[in-house]
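A.B. asks: Sequence:
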Amino acid sequence: MRSAFARSRSGEHTVVRELGRADDLGPILHLVRDAHAESRFSYIAFCEGKARAAIQAIADDRRLQCGFIAWQGGTPIGFSSCRLGEYFLGTGVLVATINNVFVARTARRSLNGGSAALGLMEHMLTWAARRGAHEIMLHTTSGIDPGRTHKLVKRLGFGVVGGSYVRRFQ
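Residue numbers (full-length UniProt numbering): 1 to 170.
Hints in this document: simulated from the structure, not taken from any laboratory.
Worth double-checking, as some hints may not be accurate.
Computed beta-carbon distance windows for the label pairs [what the hints assert, rightly or not]:
| no. | residue 1 | residue 2 | range |
| --- | --- | --- | --- |
| 1 | G49 | N99 | 25 to 35 Å |
| 2 | D145 | V93 | 27 to 37 Å |
| 3 | E86 | L111 | 35 to 45 Å |
| 4 | Y87 | T126 | 17 to 27 Å |
| 5 | T126 | Q170 | 34 to 44 Å |
Predicted model only: the values in this text are computed from it and were never measured.
Backbone N, C-alpha and C fix where the C-beta goes; we use that ideal spot for every residue, glycine too.
Full structure from sequences and hints, please.
C.D. replies: Here you go:
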């Protein structure tokens, strides 16, 4: 799966490709660190070891997990990941869950940022459908621009089935 979407003013396309090359770790780790720092979870210390292990798990198990990176020219501007499995109380039906979708703040409000977000989502939808998923779910808990996320996923045919609620103890 490789897609070119919008052209930037410099003429460079936004390209989304599957995670899995040996040289993907550095660029995606940088984006994961940025996503964490910008998220509502930024009060939790970032653990590079856990991040590396999560990225490696995606690369090692492409049957049940996928990851994608959005690039503009030679610069990574976004990433996403998705997992496939059975519903925890049922059997025989596969459900995909989107774990992450992130576009760097510097790109987010540009045409390339929109193309990156759309491309990342479309790649995960295609990946899940090709593997026989009955549905795909997205739980948005990062706190990063939820209104914009809502607008994008509604445009892609997602429906609201619940909400995310938080109560802090400290």
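A.B. asks: The structure should be examined with respect to each hint, and the outcome stated for every one.
C.D. replies: Outcome of the hint check:
no. : hint                       : in the structure
1   : G49 with N99: 25 to 35 Å   : 18 Å, violated
2   : D145 with V93: 27 to 37 Å  : 32 Å, holds
3   : E86 with L111: 35 to 45 Å  : 39 Å, holds
4   : Y87 with T126: 17 to 27 Å  : 21 Å, holds
5   : T126 with Q170: 34 to 44 Å : 42 Å, holds
The structure fails hint 1 only (numbered hints given earlier).
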